[in-house]
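Turn these sequences into a full structure, and let the hints guide you.
Chains V and U are the protein sequences, given in the same order.
Just so we're aligned: 100 in my numbering is position 100 of the first sequence, and the numbers increase by one with no gaps anywhere.
Plus 197 on top of the position in the second sequence (first one is 1) and you've got my numbering.
None of these hints come from the bench; they were simulated from the model.
It is possible that some hints are incorrect.
Stated by the list, open to error - Below, simulated SDA-like cross-link-like pairs (lysine to any residue); rule was C-alpha separation at most 25 Å, straight line:
1) K69(V) <-> V159(V)
2) K292(U) <-> T49(V)
3) K292(U) <-> A148(V)
4) K69(V) <-> I244(U)
5) K266(U) <-> G313(U)
6) K341(U) <-> S317(U)
7) K292(U) <-> D351(U)
8) K292(U) <-> S317(U)
9) K69(V) <-> R134(V)
10) K292(U) <-> A309(U)
11) K69(V) <-> R243(U)
12) K95(V) <-> I244(U)
13) K95(V) <-> R243(U)
14) K69(V) <-> Q149(V)
15) K292(U) <-> I244(U)
16) K266(U) <-> G189(V)
17) K69(V) <-> A148(V)
18) K266(U) <-> A148(V)
19) K95(V) <-> T246(U)
20) K266(U) <-> F168(V)
21) K69(V) <-> G386(U)
22) K292(U) <-> Q82(V)
23) K292(U) <-> I47(V)
2 protein chains.
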Amino acid sequence: MDTKQAAQEPGNTHLVWREEARREVFTSPIFSIQERTCRSPDNEPRIFTVLDAPDWAIVVPVLTTPRGKEFVMVRQWRHGAQELSLEFPGGVFEKGEDARAAAARELREETAYEAGTIRSLGVCSPNPAIMANRVHFFLAFDLKPLEAQALDEDEYVEVEVVPIQAVFQGMGRPPYIHALMGSALALLGKGDSLFHL
Amino acid sequence: MDTKQAAQEPGNTHLVWREEARREVFTSPIFSIQERTCRSPDNEPRIFTVLDAPDWAIVVPVLTTPRGKEFVMVRQWRHGAQELSLEFPGGVFEKGEDARAAAARELREETAYEAGTIRSLGVCSPNPAIMANRVHFFLAFDLKPLEAQALDEDEYVEVEVVPIQAVFQGMGRPPYIHALMGSALALLGKGDSLFHL
Chain V
1 MDTKQAAQEP
11 GNTHLVWREE
21 ARREVFTSPI
31 FSIQERTCRS
41 PDNEPRIFTV
51 LDAPDWAIVV
61 PVLTTPRGKE
71 FVMVRQWRHG
81 AQELSLEFPG
91 GVFEKGEDAR
101 AAAARELREE
111 TAYEAGTIRS
121 LGVCSPNPAI
131 MANRVHFFLA
141 FDLKPLEAQA
151 LDEDEYVEVE
161 VVPIQAVFQG
171 MGRPPYIHAL
181 MGSALALLGK
191 GDSLFHL
Chain U
198 MDTKQAAQEP
208 GNTHLVWREE
218 ARREVFTSPI
228 FSIQERTCRS
238 PDNEPRIFTV
248 LDAPDWAIVV
258 PVLTTPRGKE
268 FVMVRQWRHG
278 AQELSLEFPG
288 GVFEKGEDAR
298 AAAARELREE
308 TAYEAGTIRS
318 LGVCSPNPAI
328 MANRVHFFLA
338 FDLKPLEAQA
348 LDEDEYVEVE
358 VVPIQAVFQG
368 MGRPPYIHAL
378 MGSALALLGK
388 GDSLFHL
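Written out as structure tokens, the structure reads:
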């Protein structure tokens, strides 16, 4: 991968590290931890600790209501932050699933809406310093309601329809604490995606 | 914490989990992993795996150049993504340091600029599902150049001054791969912070 990257940006080879080995040092059902032995641009060896996990999808569902266009969001307890969080639906890919299918499934399961159209907003690293996976952002519209959510037995997820401006303005304080939802807003804003629906 | 949260949002107690115990199962110089035993709103026990780390600061430095207002950014190799990333400066708090001091220090060390003014943009969880720490976002301006960067021996960080629109438009594809930089853009945009400089 370093070779590919160096080839893509030949002016930056003096910044590129080479990976020589990886060793798994911890696993859980959600992620694993690897120690990666790397050589610096000056050929010095170093070990870095990296978290690997399946890729995720985050999907921004836009619903047309009597009040205009609004976001369909989910409120749930988050065990890392020990706090309730109001978020766009999303989750990890299932085995063999592509990004768009994961986004459509998470939308159906968590919110009980089926999207007529799903459009990619971009792909990022949730934290390229310490995480190896990617997060795939989507915009969903032409929403049709389904019978009910399809939650796991230990999922407690409440659906809320929220004015778009409340989310843009609220980001960075509770219940809008999830930084990656801010990333979704930035990707939405960049192409004025909301105005092209 | 669950009690505090429940008190803050009394209508949502049916979504709140109670933590009963935590156990450290892995440590590295960068983060530790804990297994947390929790009770669901229906009093069912579950174990969740959570990554804990010091809080981070991310600082958006705005420089006035002959071309207008631009961002001061840093290009560096990221060992999780195995890729070069063009980012706002930032890093973990040092022991005893507060968020603003960490932001000012990271700005100085990585970019060789001292900020005359640093303003908070908000606080998020980088990933509230699996991470316990917080990320603190700042806007920095009135920038004065210093002599040189102050990098660790294994840091290879190149400073670039980038037009603001290039960053907003580029987010979600290389070299703008870092999702938390998108979060910073969303927080910047929400109060039209850039237009109040």
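Which of the listed hints are not met by the structure?
3, 4, 9, 11, 15 and 18
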